[in-house]
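S.K.: Sequence:
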Amino acid sequence: MRVRTVLDEAEVSRAVSRIAHEIVEANKGAEGLRILGIPTRGVPLARRLAERIADIEPGVAADDIAGSLDITMYRDDLRRGRLRAPEPTRIPAAGVDGTTVVLVDDVLFSGRTVRAALDSLADIGRPDTVRLAVLVDRGHRALPIRADHVGKNLPTAIDERVSVALREVDGSDTVTIASADTDDEGEARA
1 MRVRTVLDEA EVSRAVSRIA HEIVEANKGA EGLRILGIPT RGVPLARRLA
51 ERIADIEPGV AADDIAGSLD ITMYRDDLRR GRLRAPEPTR IPAAGVDGTT
101 VVLVDDVLFS GRTVRAALDS LADIGRPDTV RLAVLVDRGH RALPIRADHV
151 GKNLPTAIDE RVSVALREVD GSDTVTIASA DTDDEGEARA
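Numbered by UniProt numbering, the letters in the sequence shown go through residues 1 to 190 in order.
Simulated from the structure, these hints should not be mistaken for lab results.
Everything numeric in this text was worked out from a predicted model, so none of it was measured.
Hints should not be assumed to be uniformly reliable.
Each pair of labels, with its calculated beta carbon distance range [claimed, not checked]:
| # | residue 1 | residue 2 | range |
| --- | --- | --- | --- |
| 1 | A122 | A157 | 15 to 23 Å |
| 2 | M73 | D97 | 15 to 23 Å |
| 3 | S163 | A61 | 31 to 39 Å |
| 4 | A178 | P58 | 39 to 47 Å |
| 5 | M73 | E31 | 28 to 36 Å |
| 6 | D97 | A180 | 41 to 49 Å |
| 7 | A61 | G139 | 32 to 40 Å |
| 8 | D97 | I145 | 36 to 44 Å |
| 9 | V6 | E87 | 23 to 31 Å |
| 10 | K28 | R2 | 42 to 50 Å |
| 11 | D63 | A178 | 30 to 38 Å |
| 12 | K28 | G125 | 20 to 28 Å |
| 13 | A180 | P58 | 20 to 28 Å |
| 14 | I124 | I145 | 33 to 41 Å |
Beta carbons: idealized from backbone N, C-alpha and C, even for Gly.
Using the sequences provided together with the hints, build the complete structure.
M.R.: Structure follows, in structure tokens:
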């Protein structure tokens, strides 16, 4: 298996800053904004985005807009034995009703995680608008879901694996892609 780095620490930082600016611009400020991370790596990404937005917009505190949204019981693969322990859902004190919620995840692939997040969010409240921010969009959707804010569009083969490492979880910030080894004619090696 070959692994190559597609984003290093500095590039991850720039992508997060760019997404934060895009969110503020699309929302015309930070009023009524909620940034909710999807566990695992969407939570620290959401926190970073909220901190960058607080740096951009005077009078905004990251704690007032950042939160997390557990989707464990909304996943459509529960029967496949891939259940993991639920994580806490933390919604900012002002709630989500009538707000703009930005769901945050590390990688957008099939869209199933985002569908589960939308179902979970619907049980919590009724935002005016829901947007999606992802660090990496790798394509291959199974559902009609599109990210509004993307750090890196990364066209991939279906059998490649995109991995995001974040310092809060993994000790460093990188995005890598792993692909099967191939010979000189492009044929996969066993």
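S.K.: Note whether the CB distance of A180 and P58 lies within 20 to 28 Å or breaks it.
M.R.: Given about 50 Å between the Cβ atoms, the range is violated.
S.K.: Quick check: does the Cβ-Cβ distance between M73 and E31 fall within 28 to 36 Å?
M.R.: 32 Å, holds
S.K.: Is the distance from the Cβ of A178 to the Cβ of P58 consistent with 39 to 47 Å?
M.R.: 43 Å, holds
S.K.: Is the distance from the Cβ of V6 to the Cβ of E87 consistent with 23 to 31 Å?
M.R.: Holds, since V6 and E87 (Cβ atoms, about 27 Å apart) stay within the stated range.
S.K.: Does 36 to 44 Å hold as the CB distance between D97 and I145, or does it fail?
M.R.: 23 Å, violated
S.K.: Within 31 to 39 Å or not, the Cβ separation of S163 and A61?
M.R.: 32 Å, holds
S.K.: Cβ-Cβ distance between M73 and D97: within 15 to 23 Å?
M.R.: 22 Å, holds
S.K.: Holds or violated: the 33 to 41 Å window for the beta-carbon distance between I124 and I145?
M.R.: 19 Å, violated
S.K.: Within 30 to 38 Å or not, the Cβ separation of D63 and A178?
M.R.: At 36 Å between Cβs, range holds.
S.K.: Falls inside 42 to 50 Å, the C-beta gap from K28 to R2?
M.R.: Because 44 Å falls inside the window, the suggested range holds.
S.K.: For K28 and G125, compare the CB-CB distance with the range 20 to 28 Å and indicate the outcome.
M.R.: Holds, since K28 and G125 (Cβ atoms, about 22 Å apart) stay within the stated range.
S.K.: Take the C-beta atom of D97 and the C-beta atom of A180, compute their distance, and say whether it sits inside 41 to 49 Å.
M.R.: Hint holds: Cβ distance 47 Å, inside 41 to 49 Å.
When held up to the earlier numbered hints, the structure conflicts with 1, 8, 13, 14 and fits the remainder.
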